[in-house]
Amino acid sequence: MRILLVEDDKDVAGFIAKGLREAGHVVEHADNGRDGLFLAASENFDAIILDRMLPGGVDGLRLLETLRSQDNHTPVLFLSALAQVDDRIRGLKAGGDDYLTKPFVFAELLARVEALTRRSRNEGPQTKLVVGDLEMDLLARNVRRAGQKIDLQPREFRLLEYMMRHAGQVVTRTMLLEGVWDYHFDPQTNVIDVHVSRLRQKVDKPFASAMIHTIRNAGYMLRAEGA
Amino acid sequence: MPAPPPALPRARRIGIASGHAGRLRWPRGLLRSAGLRFAGLYAALFGLSALALVLFLWWDTAALLDRQVDAAIRADAQGLNERWESGGLPALILTIRERLAENIDDDAIYMLVDNTGRRLAGNLDRWPPGITTDDDWYEMPIVRDRVRSLARVHNFALPGGFHLLVGRDVEARVKLRRILTDAMLWAVLVVAGLGGLGAFLVRSVLRGMLADISRTTAAIGAGDLTRRVRLSGRGDEFDRLAETINDMLERISRLMEGVRAVSNAIAHDLRTPITRARTRLEDALAHADAAADLRAAIERAEADLDGIVAVFQAILRIAEIEAGARRSAFSPFDLVPVLGDLAELYGAVAEERGLTFIFRSPAALMLFGDRDMIQQAVANLLDNALKFSPPQGEIRLLAESQGRIVRITVTDQGPGIPEAERARVTERFYRGESARTTPGSGLGLALALAVAQLHDGTLTLTDNAPGLAATLNLPGQED
Amino acid sequence: MGSILLVAAWLAIGDAPADDAAQVITDTPDYCAQLRAEVQEEMDVAATAKPAANPEARAPMLAEVDSLAKEGGRLCAAGKVRGGIIRLRRALTLMHESPPHGGE
Ligand SMILES: Nc1ncnc2c1ncn2[C@@H]1O[C@H](COP(=O)(O)OP(=O)(O)OP(=O)(O)O)[C@@H](O)[C@H]1O
Ligand SMILES: [Mg+2]
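Residue numbers (my numbering), protein chains in the order written: chain A, 1 to 227; chain P, 1001 to 1479; chain S, 2001 to 2104.
Please keep in mind that the hints were generated in silico from the structure rather than gathered at the bench. C-beta atoms are modelled at their ideal positions from N, C-alpha and C, and glycine is treated no differently. The reader is advised that the hints may include incorrect statements.
Taking lysine-lysine pairs in the BS3-like style, the calculated list, with each CA pair at most 30 Å apart, reads [unchecked claim]:
id, chain 1, residue 1, chain 2, residue 2
1, S, K2080, P, K1175
2, A, K102, P, K1387
3, P, K1387, A, K205
4, A, K202, P, K1387
5, A, K18, A, K102
Which stretches of chain S does chain P cover? Using the computed rule of at least three CB atoms under 8 Å from a CB of chain P, they are [claimed, not checked]:
id, segment
6, 2021-2027
7, 2087-2096
Bound conformation, chain A alone (with noise of 0.2 Å):
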């Protein structure tokens, strides 16, 4: 993948195209907003970390903005040390599709990041998602394995869902806990781990191999085997 880096800290910058570049993408950086905006309108990414405060006159959400009313669609995935709520709504209003605060852990950034990237690549809606031999009828709102059927509670259906649209990639609890619940703050409580080991108990459990995988310092992956 293409990803474009605005990041004016350099260590951060440096921290985060060397991980992404460890994950096997193409990182173009850019240390502000005037650049980044350049680089941005006048090559194809496919997504772009951005942080808020920048130098050089154009800020995060300037940029934004004046990206989206050129029509580019490019998933963003903002960066920002401004943590209150109402800098998240504003952030995703000006067209943000995702927004982390710094400090972050560099596990979520990237889990973040290729989620994005899938979102915008299946638009389109879906009826049915297969993921090796589990599938799930979105319609019908049933799940088989295997050919075998699985009951589930609404919340597993949903929990189970997002992370076959996400299969392949890693979801953090954070990302969970948004998805899934809608929850915004982090309960002390290990809340996520109990209901992704009562998942487990019926995806996984049954049968001789786990699709669940927990990933350590970063969240859980749901893969077929083998892939």
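With the hints as your guide, set chains P and S with the ligands onto chain A.
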């Protein structure tokens, strides 16, 4: 309506009057006193109404007098005309002379002249200048015994070039005018006097009432945030102003308190975890030999930093809530599905730990507020309940409405909080004796309290015997 | 305040002297004397006339006319011309109101 008086004298008089007005201009400093301005305004209003009254009296009375005079003149003229028709010029002259002789009211004016302007009868020494139009009404000055007066006359043209003036001395109207003028001048004096007095009274009253407010705000400005404006108890506008100011001061000092708490937190409470992280890193640098030890130390430091960031975010969140900035995001919503989601989220955890979880609520509970905030506050209470529950304990999440109050209660069967500690556990970073061994930073209840207060509600902690019952009391939404 | 003064000045305008105003000539001592003579003349006529229908009724009237006329003359002489003239006029009016040949 009386005809307007001659133009020339009027112009002269106006010149004098405006000279006076020029000298009456007030010094600029006095004009800056609000009290004086009010009083001046009142004096002006008073003066204007006095003037309006005088003018009304004048027009009304003058018009009445004029009508009477006109009627008398017409009757008089009619009689004279009959004489003229029956007896000709000699009869007319004789009648005029007779009427003058018997004019007890001493107000009749006659003047009969022939076509050359020679006086044939009457009591004017000459034909008054300016009377030129036949059969018209005039008002003219006359001199009686060296005293000036005013006459209202009618000019009749008679056959043969004769002209007859019939009129009345309308001195009464002149007198009336003089009286009204005097009254007016006196009124001006009285208004000025009373206005001045009132100005100083109003000014001193205003000063007295505002003195406390300005003293208080000056003290606040100088840094003494505990000062408040005294209320007179009369419930008047000044009390209302004082109340508003006191509310504002209350809020300012709460915000200041918040800022102080945040900086204290940074100064003291964050120092401990930062110290711990730093010590570990230093220790690793000095003593770790194997790469694995170093890695472990770094990972621990990373976790420490994450903890610090989490605390930091919680502090800022509480400060944000306390500042009330989130009120703009308030909207009506149904509490029941929100609690249902939480029950499902935490119920699974409770079950996992072998606890019983009970959720009870009515079909719908409308609230006006910030959904996310309330969600987080209840989540914090549930966190505590899970954390402090003994094995096989029971946790309840109950919602009910009582009158206009919506109650959300979380109970557990843990150690509970001793009476003496209950007031303190909602303070930031306060952690009870029983919590020494459990993880946490002592911000959960502080946030729940802040959220309750943001919604004009309260957080009460009671004994669940055994355990704790924590209740959020929030004002419900009226339908 | 200024506007009040303006209006006060306007109300006082009537007092401004006008030099070319016509003079009333029935306020003069001459006219007073003329009236006095007229009254005297009529009183003389009344005294010499043939006795009236009821002379008793006319006697007090004539006495009052006489006193009014005398007072008027005195006032005129003392310079209070208008007061004197008014009394003389009243005397004349009184006389004319009750004619010598009472027709009641
Ligand atoms: N359900 C409970 N039972 C017993 N004690 C409680 C309970 N809830 C709170 N407390 C006491 O009140 C203190 C403050 O609670 P609070 O939720 O603010 O902090 P915490 O739970 O210790 O940390 P945090 O919530 O920030 O992780 C706790 O340390 C504990 O002593
Ligand atoms: Mg807590």
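Against the structure, the hints:
Taken as a hint, the K2080 of chain S and K1175 of chain P pair is honoured in the structure, with Cα atoms around 20 Å apart against an allowance of 30 Å. A C-alpha spacing of about 29 Å is found between K102 of chain A and K1387 of chain P, which places the hinted pair at or below 30 Å, so the restraint holds. A C-alpha spacing of about 29 Å is found between K1387 of chain P and K205 of chain A, which places the hinted pair at or below 30 Å, so the restraint holds. Among the hinted pairs, K202 of chain A with K1387 of chain P is consistent with the structure: their alpha-carbon atoms are about 27 Å apart, no more than 30 Å.
Using a Cα cut-off of 30 Å, the hinted pair K18 of chain A and K102 of chain A holds, with the two alpha carbons roughly 18 Å apart. Closer than 8 Å: that is the beta-carbon criterion, and the segment 2021-2027 of chain S has 7 residues meeting it against chain P, so the requirement of 3 holds. Counting residues of the segment 2087-2096 of chain S whose beta-carbon sits less than 8 Å from any beta-carbon of chain P gives 5, enough to reach three: the coverage restraint holds.
When held up to the earlier numbered hints, the structure conflicts with none and fits them all.
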